Each structure stands twice: as C-alpha cells, then as structure tokens.
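**Student:** Residues per chain are reported as follows:
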Amino acid sequence: MDLTFTKEEEDFRDRLRTWLQDTLPRLPPEPPADDWPARRAHDCAWQRALHDAGYAGLHWPAHAGGQGATPTEYLIFIEETERAGAPYVGANFVGLLHAGPTIAAEGTAAQRARWLPPILRGDEIWCQGFSEPEAGSDLASLRTRAVRDGDSYIVTGSKIWTSHAEVADWCELLVRTDPSAPRHRGISWLALPMNAPGVTVRPLRTLAGTTEFAEVFLDEVRVPVTYRVGLENDGWRVTMVTLSYERGTAFAGEVVACRRTLTSLARTARANGRWDDPVLRRRLGRLHAEFTALWRLVQWNTCEAAHAARTGGDGAPGAGASVFKLRYSQARQELYEAAAEVLGPESLDTRHEWTAQRLSSLSYTIAAGTSQIQRNIIAERILGLPRGR
Amino acid sequence: MDFRLTDDQRALRAGMRGLLAARYPRERLRSLADSPGGPPAPDRGLWQALGEAGFFALRLTEQDGGAGLGLPEAVLLFEEAGRALLPGPLVATHLAAGLVPGAAEGACTVTALDRPGPAEHLASAEAVLLLDGRAARVLRVSPGGAPRALRARPARSVDSTTPLHLVRQLPRPPDGSATTVPADASRLCREAALLTAAQQLGSAFRTVELAVSYARNRSQFGRPVGAFQAVQHLCAEMLVRAELARAAVYAASLATGPEGAAEIAAAKLLADSAAVRNARDCLQVHGGQGFTWEADVHLHLKRGWLREGQWQSAAESEELLANTLLHEASHLPDGPHASDATDVLDAENVTA
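Same order as they appear, the protein sequences are chains W and U. Heads up: the first sequence begins at 1470 in the numbering used here, then just goes up one per residue. Heads up: the second sequence begins at 8 in the numbering used here, then just goes up one per residue.
No lab work stands behind these hints: they were computed from the structure. Model, not experiment: these values are computed from the prediction. We put the CB at the ideal spot given by N, CA and C, even for glycine.
Chain U is faced by these chain W residues, among others (derived, beta-carbon under 7 Å):
1) Met1470
2) Arg1736
3) Thr1761
The following block holds chain W by itself, in its conformation from the complex (with noise of 0.2 Å):
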C-alpha cells in the first residue's frame, strides 16, 4: 500500500501545472451552454493545446499515436487539470474515450491512420450510437438493420440518448448484420459519418431545459464496409472494451470537481447562517466522507488497472469500477440535494449554477448503465450470484 509518486510522476506533475498555469489564461471564455458549434470550437481548441503540448492520449497506447502514459499518469492529468479548471473533455468525450479507444484495440493500421490522428488534434467530433428507443438497457437487442450491398451495407433505423449528434462528424454505430443469430452474435461496429444522406438528427430537449443529446434516424444510409471495425457480427465483444472504459476513470476529474463543489458549499452556508444548522453540517460532513473515499476508490481501481496492464491485461477497469458508477452517481445526486438546501429559496432560480447541476445530476443514475443493472453486474459478476430476472 503506497500512496507517493515516484520522481518521474512529480515531474511529470510539475511540468502539467506549469503548462496549465501558462495556457489556460490564454484560452477563449466558455460559450454559452447551448451554442453547440461554439462549444464545439472551444472543445477543439483545447484538445488541439493538449496535442500540440504532447498531452493528447495520454492513456492511449503508443501504436495509436498516444503518449503511453501509465494509468497513474493519467490520473495525475485528470485531478491537475480539473484542479486548474481546465475545460472538460466535452464535445471529444465519445472520440477519446470511447470510439478512439476501440479503434485503437480492434481497427486496422488502416483504419487508426485515418481516424486516430483527427481525434487526438481535436479535428473530428465522435458521438454515440448504441442506444436505441427499444432498446435501452437491453442493448443488445437493438435493431438498427445493416444490409451487405457490395461493398457498402445500408443502415437503416434509429438511435436515441446520442451527445453532441448535432455538431459530430462521426458516429460509433451498432447494428444489426445478422437477424437470424443469437441476439450478441448479429451484431456489427460500423463508423457512421455523419454527413451522409439519409441521416437526420433531431434534438432532444433535457428535463433541464438543454438539449444535450438527440435522436438520429438513419434512412437507407450507405456506409462503405471498410468502415467496420472488427468482424462481421463481433461487434458486441469490441463495444464492451469500450463501455468499461467509460466507467473507469471517466468520472474521476467530476470527483475532484465535486470535492471542491462542497468546500464552496460550506463557505456559501458559512455566509448566509445555514451553517448554524447541525443537520446540515452533518451532511456536509458525510458528503466530504463520501467523496474522499471515492477519490480513493478512483486510486484503487487505477492501481488494479495498471497491475492488469503490467502483467498482460488489457488495463480496462474491470467490474469495479461498477461499484464506483453505482456510488458516485448517488453522492453526485445527493451532493446536489445539499446544494439546495444550503441555498434554501435561491436553489428555484435555474440561473444558479448548482440548480442546473441539480438538474443534470438525475442522469447519473440512468446514463451510461443505469444503478439497476449496475447492482445486477455486482451480484452477478463479483458476488457470484445466481443469473436472475
């Protein structure tokens, strides 16, 4: 058990904060929340600093064009940029984290050299088509149809739940090539472009008021075959590389940035006599119990994933890191709560900052893997537990 950095991640520490220090002053105000191309641009143009200061794929393996970086690097890159307040990954969430990595995993030389390198200098926007209006947490029933013709199949059906459909130039799409097999083995990987004919994409308005996601229909799209990734109706095997990335260290900057939420929420109750109350501080109190810990489970399962890596796994978060979804969602949500209490009648005004967090928090437990079947992969896979219905 050993919690201290070697020399080479102090330096390599260092020399972030220094970068941070001189970079981000320089960068461009945050656009407004629902100027989609303005966010896009200003997501560019911070993945194009990262890239250009050597900081794109850190955790990308080398082959891929990334940096390499061990797990733990990775993580000191994650608290040292949200500790700085540097933007979010934002508009490059699904390339960086879910479809580059895939690609990087299953494509061929090919196929990384003609969509890694876009990625990682913030060029290309990837979105996700994995969820469907039947098909939800049941992915793998889905039913987006693709038929081989030629050397193209033709795609038809819809997705929904799909970030940043509006602004993306690609979409990781999953779809049905073979209707007669067993419902994991029909499936294919398919990189969608998104300015093809036949696809529409209409905005879903959020409970917030934002339209973050949308639906895309997809019309007898033509996608050349040379854009799957992996075999015909292997598709499911290399999604799941992917969607373990995305409860790995995904949310490890969010809990650096919720830690620092409840550091102001306690100066906030401070000044306006909230403070007073011992209900509240006592909940303060355990949020700050429950975010610490976090952070030291983000620790531990990055620990785990690099002892996989060194000894010839793949280093994906295996079903840990469905503990940490499962208890980060709910302490993001109840975090929130507190916000609102400690604003008391001002936590009404969608203006403040912590109502619209309120707001976004209910995602949590739904996206990416609702608690529900975050708690069936917990009795199933580590409990050992009888496949139940």
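On the provided structure of chain W, position chain U as indicated by the hints.
**Tutor:** Using the frame of chain W, we list chain U on its own:
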C-alpha cells in the same frame, strides 16, 4: 503509487487469518456467545498467542521487541480480527504496547477510555489507558473488579461476547492513581479510531460473504433466493459499502500526522456505516433465520453497535469533516473556480 497490498502485506494477512482459524474457530465464538455467566474475560492463552505472533508489538521497533511495521499492517491484522469477531480489548492493548509492561507480549490485557462511557473488559484488565487529556495516562488496576476511581457499574452487555461497564467519571489529573506515560493522547485516539474502523471493515466484508452464501443456498419458489433481484440488489449495496469503506480505511492508514484526522474520520464514519448497515441487510437476507440466536448475524450487528460508539461517533466524525471543509474554504485560492456561484447570481440580480 501502488495502492494494492504488497506480497508481504498479503502474507501477513494470510498468517493472521490462519492463526484465527486455528485458535479461534467459529465454534469458539459460539461457545463464548452462549456462556451461561455472561460475556467471559479474554482467553489468556489466545491472548498470549496473539502476543507471540506480534499482534500487539507490531509497530514497536525491532530494538523494542517489535516488528517495526506501520499502521497499514496493523489495519490488515485488525481487519482480520473484526472479520472473525475476535473479542477483547485488542485496540487498547495494541496501543499500550511499549507503555504498559506486558502489553506487547500479550501477558496482560489493557482497556482504554477517552471519556466517561462504556468500557470493555474492564473487570479483567490489568491496566486502563486514559486518553482524555493531552498526555496519555495509565491506571493500574488489580483484575477482579472495576477500579473504584472510575465509578463504574457493570452493564448487561448487548454484545454477548464483550463484557461492559458504564464508567461515570475518569480520575482528574493530577489524580495520583493514574501515571502519565510518554505518549500523545490525541495521536493514540486517532489510531484507536482507525484500528476500530479496520475491525468494522472486516465485519462488513464478512457479512457480505454470509449473505451471499445464504442467498445461494436457500431456495424459495423453486430457485435460490439469490436469483431474485430484490435480494441481489441488497447484496450489491452491501459490497459497495464495504469497498468504499476499505478504500477509506486503507488510505487513512497511510495518512500520518494530525492532517490525517479528516481521513481517519472518513474511514471511521464509513466503516461504522458499512458494518452496521451490512449486518442489518445480512439479517434481512437471512429472513427468519436472521432473527435467531443460532445465526451469526446478530453477533456482527451487536459488535458493530458497540464499535460505532467507540472513539469517534458518527456525529463527531461528521462535525470534524464539516469543519475541515470550512477550514479549506477560508484558504481557497483565487482562480476560475474560487468564486461562489452565489456571488455570480447576486451580481446578475443587480444588473437584471
């Protein structure tokens, strides 16, 4: 950074588990729980075996007859003790090693108090560690009864393997009955809270195992009850509590000095919750069996209740953690995130 256990740490933990399996099997726990005369005094033979294995002297230097190991190793041993529900004033005797002759070797038992309240194994102890002031004090007592200076009355202990007295007062310094020893009482209190948390952690993981094992083997409606999501989800939440507590407890064992106080408070708070709530859920998974004396679940629950009140209660931990936030808030640097959202909104209101 490698948070995982080293090979030596794994070996140490396995050694402790083996020792307890041999010297303190489940039948022993059950016979203690069924003692007709109430909770018995610690088994001196077992106490000595623990002493020989280095359980109490673990953190003393090799010169002083110890193993020269640290809190992370101690935490692993106490986690095993908590898992097996090993009774006795383990924390106090461990802390007394080097301060009370015989404690390090397991030749005597030492209990401890940081305030008036419940004291475990008081009647059989050779010494009481008093941690209510700045410097630690030792009250030597002759086994056989509670020392008069503490004005204690025996309780009928809810934990049937831990005899309890309720102490009404601690001798005020400079009361001649207690002698000052060269140790910082607040440091010992923090370590006591951490090692108690480690015991709770062991119990929390054990009740996960008990619940999962029962859910796999008990059938209703023609299938194991563990195949029902309602039961699966109880078990999953139990594991989440235990894993979160483990991350907190192990990390706190690495945080040295007073600045580790918040980490220890978090560890104690989460480990207490994990032990007590896991025991409750384990009881629920066991159905009617869980309400019987024969099932081990109630022993975990009652020990959990006892431990959660020791050293740092939930209220104390939460207040400490809240105050740490406030302390941080007064040191917030200016930066993109330093301004409160409230300030921003107020500014907007002015212009609106």
